[in-house]
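Undergrad: Letter by letter, the chains look like this.
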Amino acid sequence: MDTLVLLTMTGLGLGALYFLIASGLSLIFGLMDVLNFAHGALLSVGAYACWWAASGHLPGAGPHGAGFVLAVAFGVVTGTLAAVALEVGVVRPLYARPREQVLANVGVGLAVPALLSGIWGSDARTFPVPDALSGTVTLLGARVPANRILLIGCALAVLVGLRVLLGRTRAGLVVRAGVQDRAMVSALGIDVRRAFTLVFALGGALAALGGALGGVYFGEVDPGQGTSLLIYAFVVVVVGGMSSVTGAAAACVAVGLLQQFANYFTTAGLGDLAVVVLLAVVLLVRPRGLMGRLT
Amino acid sequence: MNAAGNAHPRPLLAARDLRVRIGGRHILHDVHLDVAPHGVTALLGRNGAGKTTTVRAILGLVPRTGSILLDGQDVSGLRTHVLVRRGIGYAPEDRGVFTALTVAENLRLAERPGSRPPDYALVHDLFPELRQRAGQPAGTLSGGQQQMVAIARTLLADNRLVIVDEPTKGLAPKIVTEVAEALERAARAVPVLMVEQNLAVVRRLATTCAVLVDGRTAYAGEAAPLLADPRATRRLLGVASGSTRGGQDPPGARASAAESPDTREAQS
Ligand SMILES: Nc1ncnc2c1ncn2[C@@H]1O[C@H](COP(=O)(O)OP(=O)(O)OP(=O)(O)O)[C@@H](O)[C@H]1O
Ligand SMILES: [Mg+2]
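Just so you know, the sequences run in chain order X and L.
This note's numbering numbers the first residue of the first sequence as 1 and each following residue consecutively.
This note's numbering numbers the first residue of the second sequence as 296 and each following residue consecutively.
Read the hints as simulated data drawn from the structure, not as lab findings.
One or more of the hints may lead you astray.
To be verified - Listed next, the in silico SDA-like pairs over lysine to any residue satisfying Cα-Cα at most 25 Å (straight line):
1. L:Lys464 <-> X:Leu6
2. L:Lys464 <-> L:Leu373
3. L:Lys464 <-> X:Gln180
4. L:Lys464 <-> X:Phe261
5. L:Lys464 <-> L:Asp366
What the hints assert, rightly or not - Sample of chain L residues with no beta-carbon within 10 Å of chain X, all distances over it, derived:
6. Arg320
7. Leu364
8. Thr375
9. His376
10. Pro387
11. Gly391
12. Thr394
13. Leu396
14. Glu400
15. Ala405
16. Pro408
17. Tyr415
18. Arg448
19. Val485
20. Asp509
21. Glu517
To be verified - Here are the in silico distance ranges between beta carbons for each label pair:
22. L:His321 <-> X:Val77: 46 to 56 Å
23. X:Arg286 <-> L:Arg530: 47 to 57 Å
24. X:Val5 <-> L:Gln431: 22 to 32 Å
25. L:Ile317 <-> X:Pro93: 19 to 29 Å
26. X:Thr197 <-> L:His324: 55 to 65 Å
27. X:Gly167 <-> L:Ala416: 18 to 28 Å
28. X:Thr197 <-> L:Arg381: 39 to 49 Å
Glycine included, each C-beta is placed from N, C-alpha and C at the ideal position.
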């Protein structure tokens, strides 16, 4: 029983991490038809910025308490700015040339980790974990690491926040309309490019938050982390139905749990393979994913 | 109807030397189009003549050369949403309704925050159904209801020009009448550029018209004389005037306006 609870919470924690990456990815794909291969780079930027700030380089920030919250905020802001720079500097100029756009995004996705290892080395750096998050919490008799709870809570808050944003605000309405027909949105007098930038900024912020929380979860940060997480996020987005935030959330839970349980009850590593099998099965049974549209 | 077509006031919208090339093919050669500052201007032509492309070119939805003047101002360089915000409402040929959104959400997108409040009174007066169906996903509406959403979106904001592309296409005669009536009422307040193949509707609404043949303007002027001349309409539109829809009806059905159910409904 203890093991089941722990495995479930770890799987959900991992799924929560995937969700922070995948939600932005699916919004960007849904609205702009851009598969953002540089999304992992945004995560790494957020993770390193948070690590850098928490290691005492940013006045006021630190590894504990309010200082750590400030460090996370710094990581999120940095990731957001990086995402806006990516959209304005790379994605937008190449909008009419999808192939070059993919190549440029892949290039950024490769260059950023290279840059990070150039500056801070390719080895993993220990991530400062606040005392409050390094302990365990007793849940149904099992001792569950507190960082899992934090991750799950953050992902739930993000899910609710995104649904409110998409469902209740004008900006969200524009995004949902743009997913179906961008040209018609501009023919109604709305600058759809502002929605592009908004969605990229949001995706960057969430990825950076994922980077910071991923640092807490793994206890370390390395230049390749973003890229390896991105692969699972892509699986999640495809399984969830490409442009559905709710679908992505459901797929994150499925992928995270499947991976943990399969890794535990079979040979380690088989869980990662099981995720790919899940992807294949979903694509065969429901080619459009679990959910078809942006909800 | 409106007598403004007699004088020669400055056109509300003027397209000059409009050319469009898509994939190396010339679709529009040099289209000239004047939209009268009052009433309905009809844009006519056979299937594939370039009517929809002309409208899309005016709005900047396809790459084009030539100039577009709105109220005498050159607006050729403006991006679509900026031009539209100068006061243009657009209901495209396929209606452009967001099927996954509700009726109310579709309408809300046509609101222009920062300018005068949206005129829901007018819209609900013209299309009472839309109020009852506010929460329904637009994709589950009938074709006629979707057309009402599309037209309603053009009337909500404070527009100085409304462009509708084949508003009666594919609709049952009764709905054609409803849509025509709504446009007629709307046109009293705002000038309308209407692409239309149903000549009964054109006759009822339009004061001015332009005819495209193979991507060129072949006629521009008052609508009535053209529609009264069966030889001219046959030459330019491929139908004798009085027919309802080019190329679809058997020859017998084209003979007279009075025999067509569409026409009778539309004129009643
Ligand atoms: N995106 C495009 N790519 C290639 N050809 C196009 C494109 N858009 C329009 N055309 C061609 O341009 C010509 C004019 O098309 P357009 O839709 O403007 O005609 P239309 O007068 O609106 O016809 P209809 O009455 O059938 O709606 C057609 O021959 C069409 O095939
Ligand atoms: Mg057309």
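Undergrad: Give a verdict on every hint.
TA: Results for each hint:
no., hint, in the structure
1, L:Lys464 <-> X:Leu6, "violated, 61 Å"
2, L:Lys464 <-> L:Leu373, "violated, 30 Å"
3, L:Lys464 <-> X:Gln180, "holds, 22 Å"
4, L:Lys464 <-> X:Phe261, "violated, 57 Å"
5, L:Lys464 <-> L:Asp366, "violated, 30 Å"
6, Arg320, "holds, 19 Å"
7, Leu364, "holds, 19 Å"
8, Thr375, "violated, 4 Å"
9, His376, "violated, 4 Å"
10, Pro387, "violated, 7 Å"
11, Gly391, "violated, 4 Å"
12, Thr394, "violated, 7 Å"
13, Leu396, "violated, 6 Å"
14, Glu400, "violated, 6 Å"
15, Ala405, "violated, 5 Å"
16, Pro408, "violated, 7 Å"
17, Tyr415, "holds, 16 Å"
18, Arg448, "violated, 7 Å"
19, Val485, "holds, 15 Å"
20, Asp509, "holds, 25 Å"
21, Glu517, "holds, 29 Å"
22, L:His321 <-> X:Val77: 46 to 56 Å, "holds, 51 Å"
23, X:Arg286 <-> L:Arg530: 47 to 57 Å, "holds, 55 Å"
24, X:Val5 <-> L:Gln431: 22 to 32 Å, "violated, 44 Å"
25, L:Ile317 <-> X:Pro93: 19 to 29 Å, "holds, 23 Å"
26, X:Thr197 <-> L:His324: 55 to 65 Å, "violated, 38 Å"
27, X:Gly167 <-> L:Ala416: 18 to 28 Å, "holds, 27 Å"
28, X:Thr197 <-> L:Arg381: 39 to 49 Å, "violated, 23 Å"
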